[in-house]
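Asker: Note that the protein sequences, when read in sequence, are chains B and Z.
For the first sequence, the residue numbers in our numbering are 1 to 111.
For the second sequence, the residue numbers in our numbering are 1 to 111.
Don't take each hint at face value.
List of simulated lysine-lysine pairs, DSS-like, C-alpha gap at most 27 Å [to be verified]:
| hint | chain 1 | residue 1 | chain 2 | residue 2 |
| --- | --- | --- | --- | --- |
| 1 | Z | LYS26 | B | LYS103 |
| 2 | Z | LYS26 | B | LYS45 |
| 3 | Z | LYS13 | B | LYS42 |
No wet-lab data here; the hints were simulated from the structure.
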Amino acid sequence: RKEVEQDPGPFNVPEGATVAFNCTYSNSASQSFFWYRQDCRKEPKLLMSVYSSGNEDGRFTAQLNRASQYISLLIRDSKLSDSATYLCVVAGGGGADGLTFGKGTHLIIQP
Amino acid sequence: DAGVTQSPTHLIKTRGQQVTLRCSPKSGHDTVSWYQQALGQGPQFIFQYYEEEERQRGNFPDRFSGHQFPNYSSELNVNALLLGDSALYLCASSLRRREAFFGQGTRLTVV
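So that you can see chain B by itself, here it is in the shape it has in the complex:
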C-alpha cells in the first residue's frame, strides 16, 4: 500500500462548481497534514495545513479524519485560476519530519 494515495484525475469541473478531493495515508503515527498546490513546471506551494477540527480559508475547506486516516479538500465557487495539481502531504510519525507526498490530483476548471 502506498503511503499517501490520491486519485490522479484529471477532474474537469465547470467554473463556479464545487469540487472535493480525498486522500488516504498509511502511517497512523503521522502528525502533520497539508495540502500543497503545484502549477505546471513550478514548485509546490503551501495551500493550507489540515487540522483535526477542520479548517477553512476563504473558498477552501480541509478536513482530517484520523480514525479513517483520510484527508479532504473542498473548493467552493471554483475559479479558472484554481486549475493546478493538488498534493496531499503527510509528515511526522516516529520522529520523522520529512514530508511524504501523494502523486497529486490534477484539476482543470473549464470556462
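Model the placement of chain Z on the given structure of chain B, informed by the hints.
Answerer: Okay, now just chain Z, sitting in the frame of chain B:
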C-alpha cells in the same frame, strides 16, 4: 524577505558525472530538506538537514549526499549520475516541524 532560493535553475550533465545543487533557506528557517520530483510524480523525500547534520533520510542510495552550512544553506551532491536521476530537485526550508516552503527547483537532465 527572500524566500527559498536554489541554484542553478537548469543543468545538463553526462552520465557518470557528479553534480552539486545549492539552496538558501527562507530567512529565519533552520531546517532544509531535499526532494526529487520525476515527471508526473509527487516529490520524493531525499534527506533533511538540521544543525548541520543529516537528521532523516528517504529511500535514496549513498550516491546522494548533502551538507548544511552554519548559515543554514545547503548543498545536494549526486555522484555517478544515471539517466534516471533526471528530475526536478526541490529544496524546502522550515522551522522544525512547521510548514515547509519550497524553492523554484533545479531541473537536472542527465544525458
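Asker: Compare the structure with each hint and give your call.
Answerer: Structure-based check of each hint:
1. Restraint check for LYS26 of chain Z and LYS103 of chain B: the C-alpha separation of about 25 Å stays at or below 27 Å, so the hint holds.
2. Note on LYS26 of chain Z and LYS45 of chain B: the hinted pairing holds, with a Cα-Cα distance of about 14 Å set against a maximum of 27 Å.
3. A threshold of 27 Å between alpha carbons decides the hint, and for LYS13 of chain Z with LYS42 of chain B the separation of about 21 Å falls inside it, so the pair holds.
In terms of the numbered hints stated before, the structure departs from none.
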